[in-house]
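Spelled out from the first residue to the last, the chains are:
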Amino acid sequence: MSAQVVPPSRLWLLALGYGIWCSALAMLYALHALGCAFAWPAAVLRTVLALVFLAHLVALGGLWRAYAGRRADAADGATGSFFHEVALWTLATAFVATVLTLGPSLMLAACV
Amino acid sequence: MNAPAEPPPPRSALRLHRELSAIWGSGTGWQRLASVNHSVIGRRIMATAFFFFIVAGLLGMLTRVQLATPKGMFMDAGTYNQVFTMHGAMMLFLFAIPMLEGVAVYLLPKMLGARDFAFPRLTAYSYWCYLFGASILLGSLLLGVAPDGGWFMYTPLSSNTYTPGVNADVWLLGVTFVEISALSFAVEIVVSILKMRAPGMSLERMPIFGWYMLVTALMMLVAFPPLILASILLELERAFGLPFFDPTRGGDALLWQHLFWLFGHPDVYIIFLPMAGVLSTLIPVFARRELVGYTMIVVAIVAMAFLSFGIWVHHMFTVGIPHLALAFFSAGSAIVAVPTAVQMFAWLATLAHGKPRWELPMLYIFGFFFVFVLGGLTGVMLAIVPFDWQAHDSYFVVAHLHYVVAGAFAFPLLAALYYWLPLLTGRSASPRLAVPAFWLIFVGFNLTFFVMHLTGLLGMPRRIYGYHEHDGWTALNLLSSVGAFVMTIGFGLLVIDLLVQLRYGRRSRRDPWRATTLEWAMPLPPPAYNFASIPHIDTHGDRMAPGHVAPALARGEGYLGFTRHGWQETLGVHMTSGVPDQVIVLPRPTYLPLILALSTAAAVLGFLFKAYLLSAAAAGIVAALFVYGAMGSGLKRDHGPLPIGHGLSVPPHTEVVGALPWWALVFALVADATLFTSLVFGTLYLWIAAPAWPASMPPPDLGLAVGAVVALAVAAFAARRSLHALRAEAAPQRWMALAALALFGCIAAVLTLIGALLPHPQEHALGATASVLLGYIAAHAGIGLLFLLSNLLRLRGGWVSARRCTDLRLTRLWLDYSAVSGAIAIGLVLALPSLVAMLGARS
Chain A
0 MSAQVVPPSR LWLLALGYGI WCSALAMLYA LHALGCAFAW PAAVLRTVLA
50 LVFLAHLVAL GGLWRAYAGR RADAADGATG SFFHEVALWT LATAFVATVL
100 TLGPSLMLAA CV
Chain B
0 MNAPAEPPPP RSALRLHREL SAIWGSGTGW QRLASVNHSV IGRRIMATAF
50 FFFIVAGLLG MLTRVQLATP KGMFMDAGTY NQVFTMHGAM MLFLFAIPML
100 EGVAVYLLPK MLGARDFAFP RLTAYSYWCY LFGASILLGS LLLGVAPDGG
150 WFMYTPLSSN TYTPGVNADV WLLGVTFVEI SALSFAVEIV VSILKMRAPG
200 MSLERMPIFG WYMLVTALMM LVAFPPLILA SILLELERAF GLPFFDPTRG
250 GDALLWQHLF WLFGHPDVYI IFLPMAGVLS TLIPVFARRE LVGYTMIVVA
300 IVAMAFLSFG IWVHHMFTVG IPHLALAFFS AGSAIVAVPT AVQMFAWLAT
350 LAHGKPRWEL PMLYIFGFFF VFVLGGLTGV MLAIVPFDWQ AHDSYFVVAH
400 LHYVVAGAFA FPLLAALYYW LPLLTGRSAS PRLAVPAFWL IFVGFNLTFF
450 VMHLTGLLGM PRRIYGYHEH DGWTALNLLS SVGAFVMTIG FGLLVIDLLV
500 QLRYGRRSRR DPWRATTLEW AMPLPPPAYN FASIPHIDTH GDRMAPGHVA
550 PALARGEGYL GFTRHGWQET LGVHMTSGVP DQVIVLPRPT YLPLILALST
600 AAAVLGFLFK AYLLSAAAAG IVAALFVYGA MGSGLKRDHG PLPIGHGLSV
650 PPHTEVVGAL PWWALVFALV ADATLFTSLV FGTLYLWIAA PAWPASMPPP
700 DLGLAVGAVV ALAVAAFAAR RSLHALRAEA APQRWMALAA LALFGCIAAV
750 LTLIGALLPH PQEHALGATA SVLLGYIAAH AGIGLLFLLS NLLRLRGGWV
800 SARRCTDLRL TRLWLDYSAV SGAIAIGLVL ALPSLVAMLG ARS
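First to last, the protein sequences are chains A and B.
First residue of the first sequence? That's 0 in numbering that gives the first Met the number 0, and the numbers climb one at a time after it.
First residue of the second sequence? That's 0 in numbering that gives the first Met the number 0, and the numbers climb one at a time after it.
Note that these hints are calculated values from the structure, not bench results.
The structure presented is a predicted model; accordingly, all values stated were derived computationally and were not measured.
Do not rely on the hints blindly, as some may be mistaken.
As the list claims (entries may be wrong) - Selected chain A positions facing chain B (Cβ under 8 Å, derived; list incomplete): (1) V4; (2) W11; (3) Y17; (4) L27; (5) L33; (6) T46; (7) V51.
All C-beta atoms, glycine included, are put in the ideal place defined by N, C-alpha and C.
Construct all of the structure, not just a fragment, from the sequences and the given hints.
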């Protein structure tokens, strides 16, 4: 058993990385729909989308750096280490997933 | 409070078995209908799902007979439409999803070291709902009025104009009935996994199957509400003329596709993940080494769960969405193959580094690898937009989905069936019939569906009931039909094999596969209580030696190795660490779930036959039965910490903060919030995309709208004060009365707002969506009143005290949620006139 009880709220950590990926997808899809519906100029729409995309990358990268930079609290025992490792990997893979799924698409024609 | 007393001294294994059997047994004869035990219900779900698999399989065979030759005269077009629609709907909604639930209900408590599921009466209710909902669909088929618009019921084909009979209503109501049962199972699975593991089984020690099921159940909570909402909206359109999907009145047919596939695509993974959990459990046993990459597999499961939600639009590549948005979903659809591949390589590495035994379940695992890899590859092909445009709605897609679904679900399921057969029946599998059955299924399956790739590439569209000789599809269709017959003979042989083994199979010894999980640490077949005493886990849950653990558990040397007050006791633990924190006293057998499900079925059937008063009356009975059912739940006095063995004492579940009902409501609200979010999405989607919207909308009555929000806030506040009062051992009734009054006020305000909406909800989607948003608030306020009524009755009955205050905490949580969601809904209704003005009129 773990040396110290890990609070259940840490379960959210497991969803953090891909939660941010989901947020990026939902925001980009919604903003794209809005931009096309309101006939925003293509450059403005693309800039807004790019900023939202970058904001999510910064959030994912920042969180990953923060996690990678410190070890799991030894007092949390094996459960804490497990959570730390899963959170780290989900953040890293969510970063890659965000780049690959959402990045290149932004170069396509905006509302065609 | 009673002082903790030491548990009684250990008894002999046989005496303990008799005492526990007397407490946990389900009765005989008609009393079986009152059973709430997870083993009984799990077996029932699996048997019912298997029955519907056979029916759906036969329907599939009928389609193959029709298409075996050109200009087939076996069925007319109308019958064919019903047959293929019901084939798909039954396979997905009545076989695959319920079967995975049945596997979870039956296996999870055993694998996690618990004596039952978290809410046995809810388990039974969910099963009866599934059975009755499924029976409505089956009955419609027999009466010739089955759904006939394809298993995904696209609008406008399924709208009143083009499907005027009850066919579509049967689908909408029957499937929603079954889906609500699935949501109940999902809540149970999540709570049971998080709170009912054996002591010491911290999350990183949980068997990998537990992780798969936890993520799957969480996905179900988020995936099913959009479909339930879509079904409600379409039924409202069909029954009352609210035009959500009618483009001539401000609706949009594509809204259905969005809501359906928000469910439909994750559903593929909801089906796949539990079976991947089966593979991750079986492969290490037969490879004789532990699973490679446990942590990475957990990461892959989480990644798949999220990615699967972000690619629903890949079913809609041809509907005219701009390329930039399509590219998001195309890339996502391709990248979801990566976490799938992580698991594939983990399984292959486990086999490569182990010493594999080539036993019967491994045949089906081989079948899985072959079929699923092919299905996955064609999935990546279809993820590429230009290819999808070519292959869309052709038999290529039919081939792909059968490769994916059969590969992901059927082959692992059959591996699981043979692996856990001794647990289910107490008898061993014999390869004499099972091996030829496998080869017939495998060869027949590939002959049927591989050929369909070619038929599709040659241009044969889905859902046609006939074709001409000059189309060039004759030989391929005949081959597919021959393959289907070979596969069916294989399944027939499998059924014969199962029946023979049930009747004549050798009695299995305990732990026949030398497995590594806890479900084998019990007699075969398992007793109703699973474990005579609950084990302490000091190693990984996938690396146990159940054969060694079992005798000590049978002697009562684990936790709760005794009986007390005739209670059905099991343990609750801290979510992450697995430290025991409560004794859970479970309810005894009761007919209530059956009666409740019958009443629910009456409400559904009343709606189906447009007998709305009857339906409303039955719904009232359902509500009353829920309140009545809650009356005798829990314990009628404070007990304080109770000894559980090994020198430990923990309070009963009625006296803890993290009681199971609390967590159940939290997760139920996750599903509720998803439904609400889908409703908000639907409103905004129509605002952006639907044609025939006006330039302006009269604003709703601001005073009434603000009044409704204030009333909800007052109710939430009063619920908090009532809880404070109870904890301070003062009378909470006055605060509860204030909350009830506020809720009545809210309902009155909201109903007045609906009555005054312009445009009228039947005239335009704008009014229709506003009325549903307001109706959502009224429904929540109404349910809040039921919470308060239940609280009051239970306070009077002595079931609630300052220490046993879970009831009031539940009410507080419900009213908090109602206030927040209500404020958002009212805010959106108030914002609609501005939003409409912003975009202006469009035709």
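Cross-check of the supplied hints:
About 5 Å separates the beta-carbon of V4(A) from the nearest beta-carbon of chain B, less than 8 Å, and the hint is met. Hint on W11(A) is violated. Least Cβ distance to chain B is approximately 12 Å, over the 8 Å limit. A distance limit of 8 Å between C-beta atoms decides the matter here; for Y17(A) the minimum to chain B is near 3 Å, and the interface restraint holds. Because the beta carbon of L27(A) sits about 7 Å from the nearest beta carbon in chain B, less than 8 Å, this interface hint is met.
Annotation: interface hint on L33(A) holds; nearest CB of chain B at approximately 7 Å, less than 8 Å. With its C-beta approaching chain B no nearer than about 14 Å, T46(A) sits outside the 8 Å limit, and its interface hint is violated. With its C-beta approaching chain B no nearer than about 12 Å, V51(A) sits outside the 8 Å limit, and its interface hint is violated.
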